[in-house]
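Engineer: Chains A and B, in that order, are what the protein sequence lines are. Residue numbers for the first sequence follow our numbering, beginning at 859 and rising by one. Residue numbers for the second sequence follow our numbering, beginning at 33 and rising by one.
Worth flagging that the hints you see were computed from the coordinates, not collected in a lab. Keep in mind that the hints are not guaranteed to be accurate.
To be verified - Reference excerpt, derived from the structure (chain B facing chain A, CB under 7 Å, subset only): (1) 164; (2) 272; (3) 279; (4) 310; (5) 322; (6) 324.
Just so you know, even glycine gets a beta-carbon here, dropped at the ideal spot from N, CA and C.
One letter stands for each residue in the lines below.
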Amino acid sequence: MRSALIVLVSLVVFAALAPCWARWTGHPPQLAFPAFGLRPDGTPVPPGGRFWLGADGLGRDVLVRAAYAARTSLLTGFAATALATFLGVAAGLAGGFLGGAADAVVARGTEVLLAFPFLLAALAAAVVLGGGPLVVVPVVAVALAAPMARAVRARVLHVRELAYVEAARALGASPWRVMTGEVLPALAGPVVALAVLLLPAAVAAESTLAYLGAAQGTSWGAMLADGQEAYRTAWWTLLVPGGLLLAATLACAVLGDALTRRLP
Amino acid sequence: MTGFLVRRAAAAIAVLWLVSAAVFTLLHVVAPHPERVIGGPRASAETLAAIRADLGLDEPLFVQYGRFAGGLLRGDLGRSYQSGEPVAGMLADRLPVTVLLVGGGCALALLLGVALGVGGLSRPRLADTVVLGVAATPVFLVGLLLLAALFAGLGAAGLHLVEPGPPMAGHFWRRMALPWLTLGLVLAASYARLTRVTLAETLGADHVRAARSRGVAERRLVWRHGLRVAAVPLATQLGVDMGALLSGAVVVEKVFGVQGAGQLTAQAVAVGDAPVVLGAVLAGACCAVAAATVVDVAVAALDPVSRFWSPSPS
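Just chain B, same shape as in the assembly (with noise of 0.2 Å):
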């Protein structure tokens, strides 16, 4: 076990640098002047020239890297190009808001999909139907529709059940309900199928018939034998979701005016400041590579045999 946890984070570090070194090029090789940004349409040479001059960008590249790279290590991500603000702060100030609703979506698609791929043994062709249906929509769809189905339904009532803004500051069902729904029912599609397959295959085994066969109860078949062996998978399926799950994030955060991290990336997005954005992209690959990570230890823990872990499984 130890071995495989040092392969693991050495693999993790690996990623991380190389997200890094992307964000490097992006900010300092591939952006086209960002002086311009900050200055502004009608700002003078002389201006423009400070700034440059201000945020280091004459100087050869190397010597920049190793700025941006001694930054990182210490927590530091820049500043931002519309209000100077240290990225670090703004998204810390941000994140557990993206964090608690990536977690709770997690959450609940993880319940709707193992109660729906349950519930789709006895019919699985409308189960497959609805899971490829609801896996197509993008997310944004999803959300707007929800809120119009919610408009339809109750009017302006039916608004004032959702309601802007950080969920720390009250009212935080109202702010997290709907949010919440919208990223479990999209990820709960993959969920339920995964379920169901692994549920049919596994009620199908040796050690199952057995069990059925000394009279044991196809409940508890299901929910003792079938679902165990389902976890490795699902557990699986989460680390690989993660990526959806933050990019899904962002967009309910727009959709709902979730005040998180993904609605301030959106709206530096909009203004074009770049540095916030890569700041995000830095959050979200630690975020996704952080949780690939537990979810590898935890699958490990679950499942020997998958702790014998290669770069390149067959």
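Only chain A is shown next, with the shape it has when bound in the complex (with noise of 0.2 Å):
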């Protein structure tokens, strides 16, 4: 769990770093550098040197860009966990709360949501309104929200019915008052776990709308998908892409493991 932490938070240190790495290197991460960045023969130029990690097919420097990715890759993350935990959260909550034709609601939504194929909603959402964060961070919030809406409402149905919620409501506690007072704030320690676990989740699920192309911006994705062209004669533009796209889903499901081992 200490591993995963210092991953983590150095992979949040180079991505907050990104301006200061393309200072330093003296490359912005959108300019191509063809007569440093590519040998005679057109091929990228080895890590050292200029390039602290080499450059890519057109001559932009990997490492900048890295760095650059890290930022988008994480903010995307961050910001489909954080709305897909407030949108599980609060289906969850109404569904396990109020029971009924809510819950009904709530309970064939999440499986229909959980059996469709994500990825091609996400496609279908960028071609038709294009790939901005503003579109991806949203679809792939709706989509991680089942699988949380489903932990919180199991969690619900258990806690509504224990013995100090139910010594609320004798005391003449509003059903809001319950719910937001009594029952939300038991529930603070598995949804931070899941949505920990939903971190990866929404990583993998950017990253691979990028390299489909649906999603815009320099991300891991994008990055991955130049390199699969380049990496015969540059073994960099592959590796590190992928190995810091590996470092942080790897590290943040270790992180929600443990997490949820914690747990009571």
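These two chains come separately, so use the hints to put the complex back together.
Structural biologist: Here it is as structure tokens:
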């Protein structure tokens, strides 16, 4: 768990320093340097010298681009996870607490969302609405809200029957007060643990969309799509973004798993 | 059982109708100016107006919906913005490849998952860690790393083992092996965990302990008593995973250049060809709903209690 936290914090620092990497190397992320970045035969230069982690197929700096991509991937991941958590908690709480028709809608809705090919829906949204962050974040969030809603609903069904909740009800607390003041705080632990597990899924979803060309911006997914064209002569174009993406998703997964285990 | 089948079919139809309504909304209400995609950036105002009229975009929405719904019932998904070909035909040409990819990936995932689940019984911590790591990794990254590993290990000769193209036109194994392996590996993770957990639970149950005390071999207990119980959660999980499988197929087709419906969709996304993408969404929804229905019926056959299917399981 500690190593996972260290990896995550270093990734965040690496991403936060993106403008500094650009200044220290003198290579802005979008600018190609065909004169220095490509060898005479047109292949990218390897790590070392002017390009600390090598250049990509167009002669752009892999290190600087990876740092800016880390910003896109991590920010999108955090935003989508936060939105998914909010949506999932709201839906799960409403379904589990109110029961009846609201519950039926939440239960069926999550089932459909879980079984639906998420990527196809995301691609459709991207092609019609464009692949900006304002499209990608909500689409990813809706897909990830389903498991959250399901878990929250199950937990609420259990918590609402506990003695202290019944006591609050007996003391005359309004349903709203019981829901927000008594039941909601009891969800904090499981919700945080599940949100940490949703984070790698959100980062993975964003990079997958970028890999398929459906999300804009410099992203690990887009770098990997470029790297797939160039890796035979330039392994760093594939392994640098791939390694960072792998580190991010694995660290989040290990952290989320450790948090889940510590729950009562 | 009849009542169950009727309820299940009604739910499937309701979901498909919702998806088609969403597709209509995206194509006809939200989509900003498809005539600009078709006509290109330098089309004149008259050309744009002619394209709009040709697509029927100036008619009232309910007329457009009537035409859309009528077309759907006849299996007409509209025409590609880019090539003008009927979308249904384009998809029908490519779907067999994707179905083959998903079917093989699914079978491999189940085989690997059950094997790893049984194997993981003795080392639960290690098994959990491996499952966790694989499940968190994006499918395309697994595919790319497999490609890179093949290249690193065997050089250019390794890449000859992967050949893009339609698998029906020869080189079947070369074209399908790595795509199947990638899809199978990623999805095996959840089955492995499910198998292990269910087995661990069942092997401590009274009837299994009784069988063990009669001297039944441990191997037979696992395969005969344990896996029979595990079949129900495994089948249920398979239904849930259908969406992930289809999403995975789109990605894997792009990574390995398999020319299936997913590759078609990815290329359509790149040029903004909305009817093709939305046709693929409809086809994907049909596949997912059909698979979920088959799985539910199979589970009902395996486990009579689940036949009392209701809209809100608790």
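Engineer: So which of the earlier hints does this model not fit?
Structural biologist: 5
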